[in-house]
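Novice: Here is what each chain is made of, one letter per residue.
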Amino acid sequence: MKGASRYLPAIPVLLAYAALFGYGLIFPGQWQLVAQLAFYCALGQAFNLFMGMTGYVDFGYVAFLGIGTYGMAISISGLADKGLGLGVIVIGLILSVVFAVLLSLAVGAVALRLRGAYFAIATIGVNEGFRYLVEGARIWNGSEGIIFSRQLRDAVGQEAAMALSTFWADVMVFGVAVIATVLTIVYMRGKIGYALAALRMDEDAAKVMGINVTRFKIIAFITSAALAGALGATAWAVKLTYVFPADVFAIHYTVEAIIIVLLGGAGTLLGPIVGGLIYGVSKYYLAVYIPGFQLLVFAPVIIVVIVMFPEGTVGMIKRKCAGTAFAKYIL
Amino acid sequence: MKKTTFFALNLLAAFFCVATAFAADLPQKIVIGHPEALSGAQAKAGEQAVGGIKAVIKWVNTVQGGVKVGEKKIPLDYKYYDCESKREAVTSLLERLITVDKVNFIMAPYSSSLTLAGAPVAEKYGILYMDHGGASDKIFTQGFKFIVQTIGLGTRYHVGTLNMLKKKDPASKRLALAYKDDEFGRSVMEGAEAHAKKLGYDIVFKRTYPPTVNDLTPLLSELKASRPDIVLGGGHLADGQLFTQQMADLGIQTKAFSLIAAVTLPAFQNALKEKADGVMGPSHWELGVTYTKEKAQKAGQAWIGPSQDEFVKLFKEAIGKDLRPEYHAAEAGAAVLSLVLGIEKANSLDSGKVRAALGKITFMSFYGAWGIDETGQQVGHDLIDAQWQGDKLVIVWPEEGATGSLLYPKPAFK
Amino acid sequence: MILEQLAGNLFQGVVLGTVYGMATMGLSLIFGVLKVVNVGHGAFIMVGAFTSFAVFEYLGLSPVFAVPVAFGIGMALGMIFYYSAIRRLLKGPELASLLATFSFGVILEEAVKQLFTSDFRGFNWDLGKIDMGFTVLPYAKVVACLGSIIVALLLYLWFNRTRAGMAMRSVVEDSVGARVCGVNVDWEYALSFSLGIGLTVASGVLLTMFISVGIHPYMGGEYTLKAFVIAVLGGLASPYGAFFGGLVFGLLENGSYVFFAQIQGLEPFAMTRFFSFLILLLILLLRPTGLLKAK
Numbered sequence: 347m348k349g350a351s352r353y354l355p356a357i358p359v360l361l362a363y364a365a366l367f368g369y370g371l372i373f374p375g376q377w378q379l380v381a382q383l384a385f386y387c388a389l390g391q392a393f394n395l396f397m398g399m400t401g402y403v404d405f406g407y408v409a410f411l412g413i414g415t416y417g418m419a420i421s422i423s424g425l426a427d428k429g430l431g432l433g434v435i436v437i438g439l440i441l442s443v444v445f446a447v448l449l450s451l452a453v454g455a456v457a458l459r460l461r462g463a464y465f466a467i468a469t470i471g472v473n474e475g476f477r478y479l480v481e482g483a484r485i486w487n488g489s490e491g492i493i494f495s496r497q498l499r500d501a502v503g504q505e506a507a508m509a510l511s512t513f514w515a516d517v518m519v520f521g522v523a524v525i526a527t528v529l530t531i532v533y534m535r536g537k538i539g540y541a542l543a544a545l546r547m548d549e550d551a552a553k554v555m556g557i558n559v560t561r562f563k564i565i566a567f568i569t570s571a572a573l574a575g576a577l578g579a580t581a582w583a584v585k586l587t588y589v590f591p592a593d594v595f596a597i598h599y600t601v602e603a604i605i606i607v608l609l610g611g612a613g614t615l616l617g618p619i620v621g622g623l624i625y626g627v628s629k630y631y632l633a634v635y636i637p638g639f640q641l642l643v644f645a646p647v648i649i650v651v652i653v654m655f656p657e658g659t660v661g662m663i664k665r666k667c668a669g670t671a672f673a674k675y676i677l
Numbered sequence: 352m353k354k355t356t357f358f359a360l361n362l363l364a365a366f367f368c369v370a371t372a373f374a375a376d377l378p379q380k381i382v383i384g385h386p387e388a389l390s391g392a393q394a395k396a397g398e399q400a401v402g403g404i405k406a407v408i409k410w411v412n413t414v415q416g417g418v419k420v421g422e423k424k425i426p427l428d429y430k431y432y433d434c435e436s437k438r439e440a441v442t443s444l445l446e447r448l449i450t451v452d453k454v455n456f457i458m459a460p461y462s463s464s465l466t467l468a469g470a471p472v473a474e475k476y477g478i479l480y481m482d483h484g485g486a487s488d489k490i491f492t493q494g495f496k497f498i499v500q501t502i503g504l505g506t507r508y509h510v511g512t513l514n515m516l517k518k519k520d521p522a523s524k525r526l527a528l529a530y531k532d533d534e535f536g537r538s539v540m541e542g543a544e545a546h547a548k549k550l551g552y553d554i555v556f557k558r559t560y561p562p563t564v565n566d567l568t569p570l571l572s573e574l575k576a577s578r579p580d581i582v583l584g585g586g587h588l589a590d591g592q593l594f595t596q597q598m599a600d601l602g603i604q605t606k607a608f609s610l611i612a613a614v615t616l617p618a619f620q621n622a623l624k625e626k627a628d629g630v631m632g633p634s635h636w637e638l639g640v641t642y643t644k645e646k647a648q649k650a651g652q653a654w655i656g657p658s659q660d661e662f663v664k665l666f667k668e669a670i671g672k673d674l675r676p677e678y679h680a681a682e683a684g685a686a687v688l689s690l691v692l693g694i695e696k697a698n699s700l701d702s703g704k705v706r707a708a709l710g711k712i713t714f715m716s717f718y719g720a721w722g723i724d725e726t727g728q729q730v731g732h733d734l735i736d737a738q739w740q741g742d743k744l745v746i747v748w749p750e751e752g753a754t755g756s757l758l759y760p761k762p763a764f765k
Numbered sequence: 034m035i036l037e038q039l040a041g042n043l044f045q046g047v048v049l050g051t052v053y054g055m056a057t058m059g060l061s062l063i064f065g066v067l068k069v070v071n072v073g074h075g076a077f078i079m080v081g082a083f084t085s086f087a088v089f090e091y092l093g094l095s096p097v098f099a100v101p102v103a104f105g106i107g108m109a110l111g112m113i114f115y116y117s118a119i120r121r122l123l124k125g126p127e128l129a130s131l132l133a134t135f136s137f138g139v140i141l142e143e144a145v146k147q148l149f150t151s152d153f154r155g156f157n158w159d160l161g162k163i164d165m166g167f168t169v170l171p172y173a174k175v176v177a178c179l180g181s182i183i184v185a186l187l188l189y190l191w192f193n194r195t196r197a198g199m200a201m202r203s204v205v206e207d208s209v210g211a212r213v214c215g216v217n218v219d220w221e222y223a224l225s226f227s228l229g230i231g232l233t234v235a236s237g238v239l240l241t242m243f244i245s246v247g248i249h250p251y252m253g254g255e256y257t258l259k260a261f262v263i264a265v266l267g268g269l270a271s272p273y274g275a276f277f278g279g280l281v282f283g284l285l286e287n288g289s290y291v292f293f294a295q296i297q298g299l300e301p302f303a304m305t306r307f308f309s310f311l312i313l314l315l316i317l318l319l320r321p322t323g324l325l326k327a328k
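Protein chains in written order, with my numbering: chain A, 347 to 677; chain B, 352 to 765; chain C, 34 to 328.
The reader is advised that the hints may include incorrect statements.
As the list claims (entries may be wrong) - One-sided and incomplete, this derived list gives chain A residues near chain B with beta-carbon spacing under 7 Å: (1) Q378; (2) A483; (3) I485; (4) S495; (5) T512; (6) S628; (7) L641.
What the hints assert, rightly or not - Examples of chain B residues lying across from chain A (beta carbon under 7 Å, computed): (8) D488; (9) D533; (10) K649.
These are computed hints drawn from the structure, not numbers from a lab. Here a beta-carbon is modelled for each residue, glycine too, at the ideal position from N, C-alpha and C.
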């Protein structure tokens, strides 16, 4: 495939995000739901960038979201009285991404030498270990966390703070989702995509062929982590204005990311948004109509889906559309 | 059309317009919305809170006939969802309650973290946000204008306990503090430490333990070595049970032992049987507290709501099981009562007006005294200390509300 | 004084470690044979804990009787889960089986919550205790420790002395060769999975002998994480390794407490957790097959 047509599959995804965004703007009182859905999609998209292309499951992924949250929290709470206005948000984002990248380098140094279940467990080790280090050494206030609503208000003013927490943070989440999508397709269509596809099929064979597997793994890993950091900074720090280590290092977010990616189709471009929407919408309505029982219904459904549709929704669609005109829009 | 018919029709139309406009000011029901946690970590507390709210709503509707606004008495209605103890679900469910279900007021989900998660959205919509399960003082230093607290501050939990012990035995000064390392545990520890220093206690041991602990032996061995007279600590039910059992296992005998949030729950004694004997805990409410209408009148306070027995009966009906209401239920129920009084005083359903009215009222109910300061923090309500004596939970402090006397020193673990 | 505390902690650590180790054997067995990581591990331990509670509270019997009951329940659950889902996912990506086992865990948690409510249960099984000078040891813990050792021995005998056990080992070494020899590989997989689950649920009972309070539907998560660390310590695929991994883990966690307690400004308990995960990472880095020599 040559030229711009390689990037056609990005169009349905970006359209879907635009539609979701538009829905939230047009219909009153739906924005928080849209924000929650956008979070799931962004989470899936960022997670899929590494997991989809390499097949490695980073079970400690939430650590990057967590450290990203802290990056923003530190910026807002520390710089609130320096008169920087919205600059604290910008600095916070930069800090979050930097922290996430640094952590990913540390994790990568250990974990990326491992494979399969060992890799998964090593990443859990990093997540939990880091969380207990924060709590045990009382870093960043330890388990008391940082609550910075007041400081955000002081930094940017009452109106702006409210707008940030209830709207602009979510817009930024959409931004992260879009960036993740773009990066995913650029990688997938680039050298790194082919290298990682080879790795996914047979890592040893790829190495023997002379492909610098390690370098590409690291690039994908760092990118995925950086996106997670930005996501934590926006969806968790700016939106909720508080951070407790127990919340932001909670393993269930990684599990949610896995579910979303699997529902949609691991390794596909469209998958995370489809998965995020299915997951988010089902959860929401289950919580509304059968409060207290949702998980009992949802968990078996997940099992059924994994057993019957292991390639996920988009994987199935891709198969059905192979050879038709749609095929070049679905990745 | 004849002139008179035309005129009559117009008059009729105008009449309907005016009538519906007038009726539209006052809705048929006042709806309370609640994005509570019914599964996940806060499931138990959430379930209790929902039961307590349902019980009080039933009382308001049947005994009082509703909430008095203007000339009418409007019944209360209740809509709740399950946020699964997840922060991100709180915001979307909260917005749904406000915009789709068009509730008038909101009860926050249980726990400081979840309460905080919903605060910005509640603030944006300018809707009253009743905090019945978030004890963190930091909630009230953030400048939120619509949060009203019914539960008390974490820092005060062990203050009464220390006062009681100091009065009973001023000579025993060796104090050990061992709390769960989370927001709540730490705030209690902070308050206890500060107050203990004021009272002249010697803090011989001060440690925290991670929230998901399943073996406290290393910490307790260290505690044993410091030979304390009094041990204060805890966090929530699971670690409270563990703490007590392992204190008994290691044979750590003390003169007094008080844990937060765990001891006064029936499950504590059910699990530990004799090991619970003599163990104490502070609480906002326990079955057996003696707040009555007469007491309120004597203290010159307004009284509202069901009596304790009525509350228990209504709670069991609401939950559909023969389950005892615990303090989570009472806190939530009392929050509803405060809301009722606030609406009646403000004579309006506007959140801003009700919030202002709440700042001016104090009252007493089956839950005890109630009164907030200008930030919305609860300052009127006092904690009680209760102690297991055999299989009975006896309220030992404050003296005016006690149902029995303090067993001191604590009976030894066998 | 410190030495006494250290000695006490280390001793308690070994006792607790045997129970932890036994609790992890199921995880390692399932991974060793089927290459599936049971992410819902903790939930099965929780089922065992509730079994123990129910037997004690409703039947009035000591938890010792609950062990075979729990084992039976575990085998049944294992069979159900294997034939309904795991079987079909063995050839797929690891992700699928991870998610499936996680979902099983969730289903168990919610089902138990519906049956028993989310309240925290416990019971009191007091057999008295021994005062050993530097530490105090309740007899219930001794029973738990002995129970774990006995189960580990039984497993060893089963694998090495019975035909069924040897058939299972053959499947691990060479599934194609085993098939050629007439071993029903699918049945062996089912059996291994169920055996692993059975062990895990039974370990839940032993755990309640150790700590008989705090039993509630969501108690499992913490144990899953610990189990991962222990399994890696012992070599992910070896059940015996898991047992010894548990011992080492118990020693490390408890022993390091005394060390961290000496440093000001730290919370020793959280630091011991950090320390155990640090060890996990070091082992993965230096000796991924675990501390023991390859099986």
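Novice: So, for every hint listed, does it hold in this structure?
Specialist: Verification of the supplied hints:
{"no.": "1", "hint": "Q378", "in the structure": "holds (4 Å)"}
{"no.": "2", "hint": "A483", "in the structure": "violated (12 Å)"}
{"no.": "3", "hint": "I485", "in the structure": "violated (13 Å)"}
{"no.": "4", "hint": "S495", "in the structure": "holds (4 Å)"}
{"no.": "5", "hint": "T512", "in the structure": "holds (5 Å)"}
{"no.": "6", "hint": "S628", "in the structure": "violated (12 Å)"}
{"no.": "7", "hint": "L641", "in the structure": "holds (6 Å)"}
{"no.": "8", "hint": "D488", "in the structure": "violated (10 Å)"}
{"no.": "9", "hint": "D533", "in the structure": "holds (5 Å)"}
{"no.": "10", "hint": "K649", "in the structure": "violated (41 Å)"}
Hint violations for this structure: numbers 2, 3, 6, 8 and 10, all remaining hints satisfied.
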